[in-house]
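Number of protein chains: 2
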Amino acid sequence: MKYDVTIKIALKEGMLDPEASAIQNAITNLGYTTESLRTARLFLIRLDAPDREAARAMAQKICERLLANPVIHRYEVEVAG
Amino acid sequence: MKYDVTIKIALKEGMLDPEASAIQNAITNLGYTTESLRTARLFLIRLDAPDREAARAMAQKICERLLANPVIHRYEVEVAG
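Top to bottom, those sequences are chains A and B. Just so we're aligned, residue 0 is where the first sequence starts under numbering that gives the first Met the number 0, counting upward by one. Just so we're aligned, residue 0 is where the second sequence starts under numbering that gives the first Met the number 0, counting upward by one.
No false leads were slipped in.
For identical chains, the list gives no copy identity; a pair is met inside one copy or between any two copies.
For lysine-lysine, the following DSSO-like pairs were computed, each having C-alpha atoms within a straight-line distance of at most 27 Å: (1) 1 - 11; (2) 1 - 60; (3) 60 - 7.
FYI, nobody ran anything at the bench for these hints, they're computed from the structure. Just so it is clear, the structure is predicted and the values come from calculations on it, not from any experiment.
Pulled out of the complex, with its shape left as it was, chain A reads as follows:
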């Protein structure tokens, strides 16, 4: 069966995010006030798996082996229909 899996990968709390700081500065220059800004990446994958739990396990393996660096990233996996 096909499962739509959403993987969200972000830097762990406390990791420096220079891109986020640069964007926050740019927003300030546009005249808006931000208290904080964080960035994350989304991967929307349509996976072939025998069941929902297998799809989740696959997505976690894909994160660990390919998409995320466990030293600096945390990830969340959501499986839909």
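Given chain A's structure and the hints, the job is docking chain B onto it.
Frame of chain A, contents of chain B only:
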């Protein structure tokens, strides 16, 4: 007041996404079957705004003037609490 705004920026339908193709190939090499893969970026911003609608309008301006390229990107804005 402070509003938590989530901005999601993705390539428009039909735009080539070579990064997504490369990741999809790599997943195939790991032994999993994917039907499709799309990528997106998330920006989680805590904004100072007089009300919810103002926060949404600010986030849309930030997308148009800074984060998104309207030729190739589409964006979604969500405002929470």
